[in-house]
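Undergrad: Here are the chains, one letter per residue:
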Amino acid sequence: MSLFDNRTIRVSGGILLTVAACALAGPWISPHDYLATDFDSQLLSPTMTGGQIFGTDDLGRDLFVRTMLGIRVTLLVAIVASLVSLIIGVAYGAIAGFVGGRVDAAMMRFVDTLYALPFIFFVILLMVAFERNFLLIFVAIGAVNWLDMARIVRGQTLSLREREFVDAARLTGVSTTRILLHHIAPNLIGIVVVYVTLTIPQAILVESFLSFLGLGVQEPQTSLGALVDAGVNQMEGASWALLIPAGLLALILLCFNFLGDGLRDFFDVRHTN
Amino acid sequence: MSLLTVKDLSIRYNETAVVDELSFSIDQAESVGLVGESGSGKSQTALALLGLLPRQASVTGSIRFDGTELVGASEKTLDRLRARRIGIVFQDPMQALNPYLRIGRQLRQILVRHKLARGTEIDERVIEMLARVGLSDARQQFHAYPHQLSGGMRQRVMLASALIAEPDLLIGDEPTTALDVTVQAQILELLEEIRDNTALLLITHDLGVVAGHCERMLVLEKGRLVDAGATTSLFASPGHAHTRLLLDAAPRIDRSGDLPPATGASILGIDAVSVSYTAFGNKQLQAVHDVSLSLRSGETVAVVGESGSGKSSFVRAVLGLVPMRAGRAVYAGAPLEGPVERRAKAQRRDLQLIFQDPVSALNPHMRVQSIIGESLLVHEPGLSSRARRERVVEALGQVGLGDQYLVRYPHELSGGQAQRVAIARALVLGPKVLICDEAVAALDGSVREQVLALLRKAQEDTGLAIIFISHDLAVVRAISHRVVVLYMGRLVERSDNASLFSRPRHPYTRALIDAVPVPNPVIAPKKAPLRGEVPSLLYPPSGCVFHPRCKYVKEICRSKLPPARDVQGAHVACHYADEIDLSL
Chain A
0 MSLFDNRTIR VSGGILLTVA ACALAGPWIS PHDYLATDFD SQLLSPTMTG
50 GQIFGTDDLG RDLFVRTMLG IRVTLLVAIV ASLVSLIIGV AYGAIAGFVG
100 GRVDAAMMRF VDTLYALPFI FFVILLMVAF ERNFLLIFVA IGAVNWLDMA
150 RIVRGQTLSL REREFVDAAR LTGVSTTRIL LHHIAPNLIG IVVVYVTLTI
200 PQAILVESFL SFLGLGVQEP QTSLGALVDA GVNQMEGASW ALLIPAGLLA
250 LILLCFNFLG DGLRDFFDVR HTN
Chain B
0 MSLLTVKDLS IRYNETAVVD ELSFSIDQAE SVGLVGESGS GKSQTALALL
50 GLLPRQASVT GSIRFDGTEL VGASEKTLDR LRARRIGIVF QDPMQALNPY
100 LRIGRQLRQI LVRHKLARGT EIDERVIEML ARVGLSDARQ QFHAYPHQLS
150 GGMRQRVMLA SALIAEPDLL IGDEPTTALD VTVQAQILEL LEEIRDNTAL
200 LLITHDLGVV AGHCERMLVL EKGRLVDAGA TTSLFASPGH AHTRLLLDAA
250 PRIDRSGDLP PATGASILGI DAVSVSYTAF GNKQLQAVHD VSLSLRSGET
300 VAVVGESGSG KSSFVRAVLG LVPMRAGRAV YAGAPLEGPV ERRAKAQRRD
350 LQLIFQDPVS ALNPHMRVQS IIGESLLVHE PGLSSRARRE RVVEALGQVG
400 LGDQYLVRYP HELSGGQAQR VAIARALVLG PKVLICDEAV AALDGSVREQ
450 VLALLRKAQE DTGLAIIFIS HDLAVVRAIS HRVVVLYMGR LVERSDNASL
500 FSRPRHPYTR ALIDAVPVPN PVIAPKKAPL RGEVPSLLYP PSGCVFHPRC
550 KYVKEICRSK LPPARDVQGA HVACHYADEI DLSL
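Residue numbers (numbering that gives the first Met the number 0), protein chains in the order written: chain A, 0 to 272; chain B, 0 to 583.
Read the hints as simulated data drawn from the structure, not as lab findings.
Any given hint could turn out to be false.
To be verified - Using C-beta positions, here's what the derived DEER-type ranges look like:
| # | chain 1 | residue 1 | chain 2 | residue 2 | range |
| --- | --- | --- | --- | --- | --- |
| 1 | A | R6 | B | Q55 | 13 to 21 Å |
| 2 | A | V231 | B | T277 | 54 to 62 Å |
| 3 | A | G154 | B | A343 | 29 to 37 Å |
None of these values were measured; they are calculated from a predicted model.
Beta carbons: idealized from backbone N, C-alpha and C, even for Gly.
Taking the hints into account, I'd like the entire structure generated from these sequences.
TA: Below you can see the structure in the form of structure tokens.
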């Protein structure tokens with residue numbers, strides 16, 4: 000069965016690709032610039048004339064270009080943060096699960112300790128203490144998310160290690176590295192892929208939340224969260240400035256969640272058949 | 000009029016028929032066996048009788064139970080019949096009992112639901128039923144949760160719940176397949192005892208069970224009824240080739256297998272091996288006590304015992320998969336020491352293991368080609384990929400599989416094919432010792448015969464030595480030269496095949512032999528030879544560990560552990576080995 004036979008995956012994946020393509024190509028096609036303020040056209044409602052299909056903000060900047068730029072930043076933050084959590088989490092979890100015993104106990108108690116820290120508070124402190132830095136957001140979000148990933152991978156590895164095909168490989172003389180790479184890792188792919196697609200929306204939410212509080216991406220750069228924040232201030236006069244980025248944010252989150260669900264079904268089917 | 004009449008019953012999933020035009024009937028109080036290999040539609044038929052098939056199944060034909068049509072009947076009609084007039088016992092009681100409800104409450108529900116008793120009478124009837132199925136101290140067990148009972152006890156509870164409403168028909172879907180033979184014998188005996196006037200439809204793959212407990216039998220092949228008739232006449236003269244095939248494939252404990260004697264040099268010596276695990280609360284659980292064994296090239300030694308006897312732990316310790324607490328093993332003059340990772344490459348090549356469940360023993364993400372080829376990659380790294388492929392094809396040919404299987408994934412193989420791939424993986428390196436851990440237990444009769452023939456052939460061709468772990472003494476009798484019997488991790492008897500099966504020296508050995516159902520309906524089934532189940536390893540009995548279940552028990556057995564000693568060619572751990580005559 001191909002990945003694309005699953006309708007959930009096809010539809011949500013299709014929407015996400017379209018959104019991403021628009022975000023990449025939009026600012027390039029549009030005649031407007033995300034920085035250019037125009038005090039003659041403040042808070043214009045969406046119109047086809049002049050290509051300002053999302054209207055303008057209170058500084059007269061074109062909202063279409065800014066929204067597309069916001070999507071780029073949001074997706075970039077989410078994907079990079081998920082990759083960070085993927086790499087740390089899988090390596091950490093697989094080692095803890097495979098080695099087992101005391102090493103496992105020590106490694107997982109460390110994870111438990113980190114879990115106990117109030118992370119949003121911790122991130123806010125980081126943002127306040129250091130310069131508000133784009134890189135810091137990736138690190139902060141990745142640092143929150145790898146814990147879950149490590150736990151899931153560790154549990155899975157632990158049960159895989161007990162499976163008889165691993166014993167069979169050990170008996171034959173297959174090296175530990177090869178067992179990890181050829182016997183454990185391929186059996187982890189399903190659950191890891193599913194979990195990553197579910198981590199991305201979490202990262203998006205955290206980033207939006209930080210930006211909404213003014214702790215995330217800084218002007219003149221923007222993200223969906225920052226745009227929602229700006230939109231809230233104009234809510235009464237220019238509802239589009241809130242509704243458009245908020246709607247897109249919801250759409251992206253929904254699509255990632257559906258994609259995760261679809262992938263989970265997909266990998267389930269292959270395992271049960 | 001018949002109690003149950005099934006006419007032209009067909010069950011289809013997406014146009015594939017799993018049961019095809021099946022017709023049969025069951026009379027009041029009659030016992031009927033429904034036999035066939037896996038995938039023949041036995042269980043689907045049982046589920047159809049109860050209206051429990053999944054929604055995707057399309058059912059046609061007619062099932063009339065005491066005048067009521069069940070195909071297409073409303074849930075309400077079915078509800079009135081299920082548990083009240085048709086009871087069922089499934090294979091796995093842990094799946095069928097609700098783990099969150101005390102067993103007494105689960106049985107109560109049936110009486111309450113069908114208004115069969117009221118007030119305090121309800122609990123009294125439940126307790127009475129639990130006592131009838133042999134739960135000691137039924138009043139206390141009433142409050143037990145399923146996980147607090149052993150497998151055999153859980154199956155007794157299932158039987159109680161199936162029979163508490165005094166149904167007219169009892170369906171047993173492989174009710175004893177998951178149990179040890181000794182427990183199976185007890186459950187089957189109990190079934191006969193308490194069934195009264197209830198008709199029985201017994202679904203099983205074990206012709207021994209049918210021979211002993213069913214008046215008539217029905218034979219299914221791929222969803223079609225191919226043979227039906229009185230059990231005695233079908234066993235004497237099968238009406239269909241498939242029935243003959245099933246009968247021929249049934250292992251016979253009452254017949255000796257004639258193996259050429261093994262004359263090879265001694266290759267593996269295992270001396271006083273012990274294995275222990277740390278159980279909950281740091282308590283030491285000793286799974287294997289001082290078990291010794293020697294093996295020659297070309298010889299098959301069987302290790303038998305009920306579950307929990309330490310069979311698997313013993314061989315796993317020899318292989319280095321679990322630590323050996325005491326004792327030593329010597330292979331070809333060199334000691335086998337430490338975990339398998341630290342052992343010499345040659346040792347790892349020469350000792351191979353085959354597991355019970357081939358599906359979990361094969362990596363689901365690897366193709367057959369890489370599964371078999373991986374061993375070569377490790378042990379003969381110089382091999383070109385073409386030469387490696389040739390060796391893999393050769394190994395597949397050895398187990399009777401063509402090269403179209405090279406690119407298959409494990410889930411694309413049947414159970415028998417998967418087990419053959421696992422054997423090919425073990426044989427491709429040309430091992431000297433092959434350890435089979437219940438390697439044929441999960442296979443259908445005819446496939447089991449093929450796999451056993453394959454092992455025998457490998458032995459003839461290459462002088463392979465085999466340690467064959469099994470709970471099935473009928474299979475053991477057919478393929479082994481010598482037999483080691485374990486009970487609670489201790490050796491109780493070690494003897495050659497012929498004398499073990501003609502004159503066992505230990506009461507436990509004799510009980511194990513008696514518990515195996517004989518596929519011959521003329522012989523009345525023996526009374527269950529053993530009562531109760533294996534005690535917990537955490538609290539072993541004093542003296543001889545077998546004494547609580549032994550019918551020859553005397554005072555000394557309770558206090559003194561019998562040492563294993565030689566008694567006329569056999570090595571036996573029983574105080575009275577040379578006094579009691581256990582000849583068959």
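Undergrad: Next, verify each hint and record whether it holds.
TA: How the hints compare with the structure:
At about 19 Å, the CB distance of R6/A to Q55/B agrees with the hint of 13 to 21 Å. At about 60 Å, the beta-carbon gap between V231/A and T277/B stays in the expected band of 54 to 62 Å. At roughly 35 Å, the beta-carbon separation of G154/A and A343/B lies within the given 29 to 37 Å, and the hint holds.
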